Structures are given as structure tokens and as C-alpha cells.
Amino acid sequence: MKLTLKSSLGKCQKAIKEGLAHHPEVLDSFKHSSPFGNYLDVEFIPPPLMIWEILSRESKVERDGELWFVVHGVPVRYSLMEFALISGLNCSELNTEFEALYDANARKNFLEAHFPLVLRDKKSIGVTYNMVVKCFNEVCKLLDNKDDENKKKTQIDAVRMATLLFIVVVLLAPADHEKFVIPDWILGLVGQWKSLCNFPWGTWAFMESLVSLKKDLVSKAESLHNGGSATIYYIGFVLPLGILLLESCSDFAARFAMRRQQTSPAQPRICLWKGISNKKKITHKEVENSMNDVQSVQSILCPDKESEEHLKDLAEHLVMHKNSEEYKNELANHLEKYNGSKEHKKDLADHLEEYKKSEEYQKELADHENAFLQTERFKDIVAKEVVRSFIQGVSIAQCRVYDALRKRCPDFDVASWGLPAQIEDPTGVPPAPNLVDGILPVPLGFPPSIPNSYL
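Residue numbers (UniProt numbering): 1 to 455.
By construction, these hints were calculated from the structure, which means they are not laboratory data. Bear in mind the structure is a predicted one, so any value in this text is a computation, not a measurement. Be a bit skeptical, because a hint or two may be false.
Unchecked claim - In the DSS-like style, the derived pairs of lysine-lysine whose C-alpha atoms are separated by at most 27 Å in a straight line are:
| hint | residue 1 | residue 2 |
| --- | --- | --- |
| 1 | K274 | K215 |
| 2 | K153 | K11 |
| 3 | K11 | K281 |
| 4 | K11 | K285 |
| 5 | K152 | K60 |
| 6 | K14 | K31 |
| 7 | K215 | K14 |
| 8 | K14 | K2 |
| 9 | K151 | K17 |
Using the sequences and the hints, build the whole thing.
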């Protein structure tokens, strides 16, 4: 039976180093700013043969988040702790709703900058593995353009694309490079660099790899016996499993690689191994014989002093991560309710209806206020007209004004309008006198004075 790994760290290393070969400052930026920068320094990549040797010794233990292997009677554990020590990736807590919490605007902006056809072409299935590889190469070519006015931006784009390339080629490692579509949440994270750097890639990659690693080899063997394919494929980041074999079986490892001393700050253990220079190609026979000669096996990897400090920092980061995730959790719960709860949708509709009613009420209130102001202006105009009519002795016109006023505003109290007492009642209006040269004779019963405010 042949084992094939879809994850290719060697291929990714070669692509990034060759693409950025003439731009050491960009390569250095990737090493120090990307969460995967350490992986350019990995010298020994365990061949699939070694991973097969430990996989074939898997013990059927029903424990979530763990795999156990039996090597010469000694159980060897592969859990998130071993994965963290080997990979050095962020293995803090992973929000269960992480796929729904990405920034949609960041994804859209990233696609517009690098994959515009995905947004414009309705037939496009999305960003694929091969599209990422092609885009990375194109960005690297832009770096060689000396006339590039946005050189700084191009350098940042190159680091982002190199990071996306690592995620796709090493961590995701899909089976079909043509048809596999990069998830939207990954594109959203790449478009939002700070979120990408804080994301627990280690936890996610480990859980994804477990799905692939928990294949039933017995059923596969039976399928092979019945004429099935002799090749078994593993997707995801399963490479740390090969390092686990080296770390657990030191005498086995000594035949193929050398382990350097740990540094401070601690390096991922995958970076400590270096292949023996005189070894050209590792054969299946060599691996099998070396496994048979194993004398000592370490069951559970223990962190060294430097790694303990790293794990302590990781634990502190986990606490901070939990606190920072509270708001996201609330959003996730809200999103879950919105997507799955009819009651929540009904409540939302009710709130929307109340809001609309509130808007209508505000409009109605504004109309009432406008009508009130118009009425006040009308009262002022009528009051002045009545006084003017009375003063000029145009009693007929005055009575008409009163009649019109009573018909138009039957509910208003005319007495409250502040008119002179003599003209509050139309019956008290004196008859119209004859005007002589525009001078109005003062009729009997007319008040000796009228307030200036009415003149």
C-alpha cells in the first residue's frame, strides 16, 4: 500500500524562497511577521514512509482529540500538546463558530485586489489552489518592477500571498487542486492581517488533520484485496506525525537525522531536526529495519525548559484569547439565533415594524407641529385683520371675518386670542361710519385706547 501526502512543505519552501530570492527584505518580513515564518528554516522533512510506520501502529482508543500508537509495546500519544510542541503554531482555543465570524468586507477587498474575476464572473466557483499559486508568482514579478510606485504595498501583498500560499499548500493541502475552493473565512483573515496573526492555526490544523488521519486502514486493506486502489491519500497538515516518531524513538531518529539543542526562545521541534548529509534517499527497508531495532520509546513528549516557557505564554494567550472572544461569541450566538430561530426572526420583524411605526409617529408629530405653527400664524393674521377692520370701521368686512373664522375654527375660543374686549363679540361692533378724508371718527362706546400690539 502506498501513502501519499497532499501537504507539501518542501514545495511551499521552494516557491517562497525562489519567488522572493531577489528581495531579502520581503523574505525577512515574512519570517518575522507571518505566523508561519519559522517553516522556511525546516531542514528535515520526514518522508511519507516514516508517517506510514507510525500510522500502521495506531491503537483504537476512543478519545476525542487524540491518537495513540503502540511502538514495541509502549503507547505513544499524539494530542494537541504534542502538535503544539512540534509545530510551534498557535494552539489556543478555537471558537466553534469561527467560519461565520470573518470580516466580509476584508474578504471582498482582498478579492478585488488579487482575484477580481471571482467577484465579476458569475460562473466562477471561487479561489482555487492553483489560482493562489499563480497569484503569488504574479506578485513576485511585480516586486522586480523598479518603476513600481506602490513598492511598499507590493511588498505587503507579497507577504500576505506567501502566507496564503502556506495555508493552502501546507495546512489545507486539498486533494483536488483544480476544483477545491478556498473557504471564505480564510480569505477574510488574509485580508485582515491582525486577525490572521491571532487566529489559532495550530488548533484548526490539528483538528482538520485528525479527520484525515482517522481513516480505517483495515477497510482500505480489504478494498485493496478486492482490487481497489493501492494508494491512500492524506490531506491536511500531517507532517508533525513524522516528527513525533523522531522525538519518541531517539535511536530510530539517529539513523536518519540529527537533533540540534533547543534555543531560547524555544523553536518548534520541527525546526530542530537536520538530515544526515550522507543520506541520499531513505528506503522502505531501512525504515522498517530501524523500527524493528528500536530500544527506547518515549510515550508522551515532555516540554523542555524553553518549551515550558513557550507553553506558559501560550496559556496566558489562551486566557486573553478567551476574553477577547466574548464579544465574538455573542455575535456568533446572535448569528445562530438569526439563522436558525424563527422566533428570533419574528422578534426582529416586530422590532422593525415598531421602528417603522415610530418613524410614522415622528412624521405625524412633525405634521401636527407644522399645523400648530400654521394655526398660530393664522390667529395672528386674523387678529390683526379684525383690529384693522374695527379701527377703520369696516364692520361688514369685520363680520365676514368673524363668520369665516367661526366656520373655519369652530372649536377655538375667540376670547382667548387677545383681541380688544369690544370686538370679541361681533354684536358689539359699532356700525360702519363714513370716512372723511381717510379719518376715522371715534364712535360712541369705543375704548379710549387700543393696545399698541394690535396697531
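Hints and how they fare:
1. Straight-line distance between C-alpha atoms of K274 and K215 comes to about 30 Å, which puts the hinted pair past the 27 Å bound.
2. Restraint check for K153 and K11: satisfied, since their Cα atoms lie roughly 26 Å apart, inside the 27 Å limit.
3. A hinted pair counts as satisfied when its Cα atoms are at most 27 Å apart, and K11 with K281 qualifies at roughly 18 Å.
4. About 26 Å separates the Cα atoms of K11 and K285, which keeps this hinted pair within 27 Å; it holds.
5. Between K152 and K60, the direct Cα distance comes to roughly 53 Å. Violation of the 27 Å bound is thereby established for this hinted pair.
6. Simply put, K14 and K31 have alpha-carbon atoms about 14 Å apart, close enough for the 27 Å limit, and the pair holds.
7. Between the alpha carbons of K215 and K14 the distance comes to roughly 30 Å, so the proposed pair goes past 27 Å and is violated.
8. A C-alpha spacing of about 25 Å is found between K14 and K2, which places the hinted pair at or below 27 Å, so the restraint holds.
9. Annotation: proposed proximity of K151 to K17 holds, straight-line Cα distance about 19 Å (limit 27 Å).
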